[in-house]
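Peer 1: Protein chains in written order, with our numbering: chain A, 101 to 379; chain B, 101 to 379; chain C, 101 to 379; chain D, 101 to 379; chain E, 101 to 379; chain F, 101 to 379.
Calculated from the structure, these hints are not laboratory results. All figures in this text were calculated on a predicted structure; none of them were measured in a lab. Every residue, glycine too, gets a C-beta built ideally from N, C-alpha and C. Certain hints may be false.
Facing chain B, from chain F, some residues (calculated, C-beta under 7 Å) [as the list claims (entries may be wrong)]: (1) 133; (2) 287; (3) 335.
Covered stretches of chain E, as calculated for chain D (at least 3 residues, CB under 8 Å) [stated by the list, open to error]: (4) 252-258; (5) 290-301.
In the BS3-like style, the derived pairs of lysine-lysine whose C-alpha atoms are separated by at most 25 Å in a straight line are [unchecked claim]: (6) B:108 x C:265; (7) C:104 x E:104; (8) D:108 x F:104; (9) B:265 x B:297; (10) A:265 x C:104; (11) E:277 x D:227; (12) F:225 x B:277.
Protein chains: 6
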Amino acid sequence: MIQKIRLKRLIMDALDEDIGSGDLTTSALLTGGESGTGRTVAKSEVVIAGIDVFREVFHAFDNELDFMAYLRDGEVASPGNVIAEVSGRLQSILTSERVALNFFQRMCGIATLTRKFVDMITGTKAKILDTRKTVAGHRDLDKYAVTVGGGQNHRLGLDGGVMIKDNHIIAAGNITKAVQLAATAIPPTIKIEVEVKNQEEAVEALAAGADIIMLDNMSISEMKKAVSLIDGRALIEASGNVTLSNVREIAQTGVDFISVGALTHSVAAADLSLTIVAE
Amino acid sequence: MIQKIRLKRLIMDALDEDIGSGDLTTSALLTGGESGTGRTVAKSEVVIAGIDVFREVFHAFDNELDFMAYLRDGEVASPGNVIAEVSGRLQSILTSERVALNFFQRMCGIATLTRKFVDMITGTKAKILDTRKTVAGHRDLDKYAVTVGGGQNHRLGLDGGVMIKDNHIIAAGNITKAVQLAATAIPPTIKIEVEVKNQEEAVEALAAGADIIMLDNMSISEMKKAVSLIDGRALIEASGNVTLSNVREIAQTGVDFISVGALTHSVAAADLSLTIVAE
Amino acid sequence: MIQKIRLKRLIMDALDEDIGSGDLTTSALLTGGESGTGRTVAKSEVVIAGIDVFREVFHAFDNELDFMAYLRDGEVASPGNVIAEVSGRLQSILTSERVALNFFQRMCGIATLTRKFVDMITGTKAKILDTRKTVAGHRDLDKYAVTVGGGQNHRLGLDGGVMIKDNHIIAAGNITKAVQLAATAIPPTIKIEVEVKNQEEAVEALAAGADIIMLDNMSISEMKKAVSLIDGRALIEASGNVTLSNVREIAQTGVDFISVGALTHSVAAADLSLTIVAE
Amino acid sequence: MIQKIRLKRLIMDALDEDIGSGDLTTSALLTGGESGTGRTVAKSEVVIAGIDVFREVFHAFDNELDFMAYLRDGEVASPGNVIAEVSGRLQSILTSERVALNFFQRMCGIATLTRKFVDMITGTKAKILDTRKTVAGHRDLDKYAVTVGGGQNHRLGLDGGVMIKDNHIIAAGNITKAVQLAATAIPPTIKIEVEVKNQEEAVEALAAGADIIMLDNMSISEMKKAVSLIDGRALIEASGNVTLSNVREIAQTGVDFISVGALTHSVAAADLSLTIVAE
Amino acid sequence: MIQKIRLKRLIMDALDEDIGSGDLTTSALLTGGESGTGRTVAKSEVVIAGIDVFREVFHAFDNELDFMAYLRDGEVASPGNVIAEVSGRLQSILTSERVALNFFQRMCGIATLTRKFVDMITGTKAKILDTRKTVAGHRDLDKYAVTVGGGQNHRLGLDGGVMIKDNHIIAAGNITKAVQLAATAIPPTIKIEVEVKNQEEAVEALAAGADIIMLDNMSISEMKKAVSLIDGRALIEASGNVTLSNVREIAQTGVDFISVGALTHSVAAADLSLTIVAE
Amino acid sequence: MIQKIRLKRLIMDALDEDIGSGDLTTSALLTGGESGTGRTVAKSEVVIAGIDVFREVFHAFDNELDFMAYLRDGEVASPGNVIAEVSGRLQSILTSERVALNFFQRMCGIATLTRKFVDMITGTKAKILDTRKTVAGHRDLDKYAVTVGGGQNHRLGLDGGVMIKDNHIIAAGNITKAVQLAATAIPPTIKIEVEVKNQEEAVEALAAGADIIMLDNMSISEMKKAVSLIDGRALIEASGNVTLSNVREIAQTGVDFISVGALTHSVAAADLSLTIVAE
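With the rest of the complex left out, here is chain A:
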């Protein structure tokens, strides 16, 4: 689910940012009459995400370019696989390729990393969640890429969920009051999540009617205890210092969700190349 109006604006701004007053090199050396094909190839194993964004950048710059995708979002490219080809006016391809790749490599990078986390917890009931630790302007794209990788989105923004933490609880008086206060103030379509640090807080949040309880930086044994104590009466999210090494152990505690900030705050661009092939 990528919102097209926002995407269009983001892409236009990105092209404008890179091109500035113009692509000096291409304008000086090409006549505009040349045509060519840019072939995008995977150089390592990559989960494809954002192929439509990749296409859209080329089309935003020159809507007469032909774009052929050989893989769809969610499919895996092995090293050497051709992912897509864009053909037409060579000037357009050369001027827009870097921006197109910048979007696409980030999205594939996010999906590829998410897939690794998801694969680590196969067989458990847990789902991998993302966070709001995204790059400014890329919230929608980053979160979409997480779903392509098999993850689920946490709230999309501050208006898409209630997350009650320490300072909110102190301000409201206690957990019970905080949950009640929120319940009457927010749209009934929004759930209430409470962040807890120990069993006592978990018990209070549950009693107060929290829909989701977030176990913040708990040890594996504490998580197990909390899962057993809550016993299905609320959804449970594990959070804090989740890595590929410890994610399976966390999933096996029986939590419903495990949120991983690194999915979007520490992205390695997917290893792809775009080469111009002979016409």
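Fit chains B, C, D, E and F to the supplied structure of chain A, relying on the hints for placement.
Peer 2: Relative to the frame of chain A, chains B, C, D, E and F by itself:
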């Protein structure tokens, strides 16, 4: 050098993106009368970059917040060091902290990684350059963070330099024609760089009057040969698959610049925390 | 909860829309040296809503105007009551007053009507909800005004709740599949509401795990039956042709929420006047 | 006359406002392959206005939707009449219908109410005028709808007419000076209107060369006296507390124009429904 | 009368256009701690226009700069006269001076040329009008500068006046029908001007009720005949190939207005210099 | 080289600026069914520049208009030559022609004047450069028109070149330090230019490694001396008070570039007419 008009717009859009229709939690649970202090602490060794951007996010949301920076751009925070404190209306801090951190952690992450590359080549004459592999909307911030880490910027966009590659050469006829054509078409304030794959191309580019010659994915021995051949008559950039492991060897070939895409396309957010402290 | 960044942009655009190239009259006839006070008085009973928006329009045009509010959002002005005064440069007041009033009268009108619905159902457990039937650009303001009048907001936009209707059910296969499908696709912070036309659908929605069941255009007796059947296991919303005449009877069926499109799609501007008083 | 560039922007912003990060429901439950037809039917008597705006919203979201209008602006739909049908990708229709209806129902509501006022004064020479009491962002659409209903537009904004009121007169010294001052300062293409409260002021305004004289809140007999006194030497506008009950009596005084704020400040959305019909 | 909201946006965009990613020179060579004063001096005789725009550019870039104006709009600077000084952070002055001067020199250039035309027709009743031949984005500023030079503005845009030409007349049938049609379709605050090529058309336009008659490219004797024929019953505008050489003769025919496209379509920047003086 | 994304936005804003709420005349008098052809004819000798911009304005307003260009950028139109024709919906042509001409006449005016300067220096090696003295919003268009006229662009903005002047030198200490400081701070793709007032400064700049030396307001004999002294070791730009009368003498001194502010700061609109021809 961060351009303030663009920064202001980027920050406003980022806050709008995260907050959407409003921070449901904070609006429901705080009265607006609470005050507090958010303290940002390093959790690992971090090169500070973007402290003014960090401040600006808080001020863009609420210009009555007080912001105190304890470190400046370029300084290194050790684990446990307090980097900055923001004080005032607690609602404002809670609503804006995530966006502020998203910017700041990315910038510090870039500077920290750049510093590692720079430190690896101490004593050589080479400089670390960035590339155009930045995240859409963040070109200026990403590149600024590179300079804070000790790197130098490559061209800021397609209008800030000429980079002649294969396809440009084919279109122009040969390297000589391409360089001459560019020289008459572009502002005289802009230099001409030619990407070469072997010694013959390097020789031709030099003769044609290229200001900078980029050695594309050459072996160490090829680079040495090219450096000796060019002999100071043009600047030399090494490019392709540069890592912390091989960067020193590359620098020791005598090239002037080494460009590293990973500085900005594969950023790990710096490990920082923002904690609300008692009032 | 009004998001300030969006509000600022909306107000700037509104002033620009009305003023265009300039206020011909005021520019021609005033020197700029005149000062005065604009006094806003209620001409009928009005629930105040948006006093901060009212102030903000004046300040957006001229931040040196003094604005004094005599009533706060949620308070009731009786005919003749002074609601607010704005003082300073007369040119600024005359040029911006119409835009300021256009915002404020709409918001007070919404709150005043909402209050009437809320008052009609006192003593019942039902809450009055708004809908997405707002004027383009005014979603946040319209919905805020509803809360000031004592109503609660339904989802703020299409990304703030799931509402499964006929066509979604047909596409998914049946209610059960639709609810399950949604549950895995959306953020866990979002609830699932199902619109039902009869008891059978209500039963299926409940069994499928719907968080909220919307009774669409049911008769009073059908609603009662549904309430008894659901018996607290899901929240219940009544919707369709709700008026001041029938709202109490609906509330007495035991539903949790009653949504009223007219609150925002058929707003009568509150009856206020702004008069310039002698300096 | 709707200005298309502004309309396009307004519609894009409206879609973005409602959809936010995405239509959670439709994205989760439809595959994108479904198609359907949305049929818009009148549920009471409605003067059609804005059918092109209605179409444009659907096309702005998905330009492959087919839109068939069965009635044109200015025609009257009786209850049960099909007004328009939109066909194509069902996801697109479901996601954009609410925004499309929000625009269209407001515009039809304005035209329908305007028509009632216009019909009340048939046979007189008076024309119904609107005011600047429009909703922010909708000035053009609101005013266009008034013309569709048979009304005429008053000035479109502060730069489209001079309207001299009390405070302007005081600042200028007297009516005569005010009119003269305005005449030399404004484009000669713009007329000068003076608001008067009694016969003396009307006489002075006429002598000063006012093009239009506005009778502010005068009684019927005062209006008659003013009309006879001015005797065609200036256009006359009646203003203040005009309702369907008193508008005919006012028109019969012989005034040229009667301005009615309620046309745009207190709009009831036209009663329309959009139903998805079987494919 | 300059509309401040639009001006602010225009200035921000202009600064962004010139600075791009940053002022490389100033950022590299100044520390930010230097301060200085930029003194603007007239190098030939200049009518000052836009001193507030000049100030606003500096303040938009750095609101801590001090700006002192020694002359006001409409006053004349002789060669050597100091017009204004801006003091403060030297980096800010150096980075923003070019944009500030680009605005100011154009506006002064327009006012200076306008004053020449106005001075040529002293003693006649004619007024100098501008046209819509302005530079994109500068309509308001260009037209404001004309008024400072002693000219009057023609319509500000297509929505600020009716101008009936050949093709409109052909479409409507004849002049009489065209004027009548326009009268019922437009706001009554707007006047109707008809462009005529000979006496017959002038007579018809007058009879049809035109408020203003434009004599298009007539000879002096034809103009005189038309003035005598119209005899004060409509305003008269002379248009076409007006120069400083023939403007007085045109004015002496007795026309009310003479429109001059060159005032804004062929502007010579006023001859000013900004020098940094010792601190 | 015109950047299309920026151009599209500039054109949309320009149309919006002129049309405002609508073209009152054309809306009132044409039914929308009329068609016609607008023929653009040169009225004096004009170097064509911006024919694509001219076309784009019409298409931005109505993409169904047909546009036929009879001359290309760089070609010369003699008086009476038809330059282009636009055909289709007459309303669209009448509403958009003024904006289209405003862009086109400015661009042709710039190219025509540039060509005059270029022609004056035929046979010398010097090139005519523009400056940053452009109109806000038109930097790209103004500079493109200069290249069409045979000129070359100086830096496109503050981020496209380093230009070291007095104040930069004072801040850095001396010319040598300034050049060195700049060299390490800026992208290696950017050249360093130093403005000098005499031979001593020229010598120092040369020794410091300046790529370009600008001779500021030097006499012809001083320029000759500087050229001989620099002897091809740096590029040389002459600047200050360049006119058609003295430009050849300057060129004959042997400088590489001569910059002329008047090319863009004092533009006379090219003398063109657009006439609607019979259908």
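Peer 1: Are there hints from earlier that the structure breaks, and if so, what are their numbers?
Peer 2: 1 and 6
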